Amino acid sequence: MIELIDNSLQITVLMVCAALSVYLAVRHGSRTWTLLSFFYGSWLLGDVYWLSCLIFYDRTPQISLVSDLSWYAAFIFLYMILRQVSPPEKLKRPGPAVWIGPLFAAAMAVYFMQWGQILNNIIYAGIMGLLFYSVTCRISAEGTEREKLLLPYVILIICMLEYALWTASCIWSGETLMNPYYWCDFLITLSFPFLLAASGKARKA
Amino acid sequence: MNYIENIYICLAAPLLIAVLSLRRDSRRSLVFVLAGMTSCLCSAYISSYLAGVTGTDAANASHEISPAVEEIMKALPVMFYLLVFEPEKKKTISGVMMVSVGFATFENVCFLTSYGTSDLLRLFIRGFGTGAMHVVCGMAVAAGMFFLWERVWLRTVGVFALLCFVINFHAVFNIFVNQSGAVFWIGSAIPLTMVLAYLVFLRGRVDLA
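Residue numbers (my numbering), protein chains in the order written: chain E, 706 to 910; chain V, -2 to 206.
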């Protein structure tokens, strides 16, 4: 029951955010809003697919590749938004600290391989490593405008929450509110409107 | 009994003759329609093979295997066109749409001929829903390309992400239309509503084809 509530809440928030970003994309003809619409749309479809399998077939998908594909796409769109808002050509040479993120993603992939599929974990590690790298490049770069800094921070929070969620799903099971998996998922849901606001601010800057 | 090869030959033969006698834009459009039909035929073979290998039954294969296979197969002719001919943006985008139309037409013909005529209304709605779904997937890829065209890295990464996006949309649609009652109607109505929304609100602003 709690999974159903969690998914339904996330789907509702995503639908509102997706509708808003589509409206803004059409109104302004902006690439940032278009990419954000695709981000929300991808995540939304992944959730809807997962929830549909739970409702109509009373089980999680037999081959989880389909919903994973949409979450891969969502993270790729996040990376594209970052590159769109602050292109890498304009960033100063990053320090060695930017490699912490990709190393963390690789280490976590090895850890998750105990439970999940190898290829799936490698793909996630690649995408998340790239995202962490881009985020830390923008956070650590000197002279980045304050308005543009909010977006990488929000993306970093979403990525960290996602990792917390995956870790929780490996350690804890059971459909109760005491399961940290649901706390992380609720926090991710809460972060979606902030992403919309941060993208708007970064676009204006 | 449904012999898809026979249906393919019936549909493709006149198109092929027309392709040989037409010129430029009309010829290109028909080639894309034909490529869409061929992709659909190949998808049927590959999906059946993968379902057999993974031991997935037909109901589950329709939302776990077919969407990925079909969307990738639909993208292949356009990828070939992009890589070999390096065309203009507008030509590629209309190509994406025409492949989707060809795919949807062939799939609909095969599906409707194998389904019988016991429930004509359901068949009618399913036919329009499936057709619209393939066009919506094509429109999503085309819209993405339209916005992401300027930079090569955006186009490359974007096409993969867009493919993932449409695969999931296709899978959700297949789950919905495989149910009965209201869920079936809602599932069929979603792509039709999206096409209508595009025609009413977006056509003037985003010219996809």
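These are calculated hints, taken from the structure and not from any lab test. From a predicted model like this one, the values you see are computed outputs, not experimental measurements. Even for Gly, the Cβ is constructed at its ideal location relative to N, Cα and C. Watch out, some of these pointers could steer you wrong.
In the DSBU-like style, the derived pairs of lysine-lysine whose C-alpha atoms are separated by at most 35 Å in a straight line are [unchecked claim]:
#1 E:K795 - E:K909
#2 E:K797 - V:K88
#3 E:K909 - V:K87
#4 E:K906 - V:K87
#5 E:K797 - E:K909
#6 V:K86 - E:K795
#7 V:K88 - E:K795
#8 V:K86 - E:K853
#9 V:K87 - E:K853
Which stretches of chain V does chain E cover? Using the computed rule of at least three CB atoms under 8 Å from a CB of chain E, they are [said to hold, decoys possible]:
#10 58 to 65
#11 148 to 156
#12 171 to 185
Hints violated by the structure (numbers, ascending): As far as the earlier hints go, only 2 is violated by this structure.
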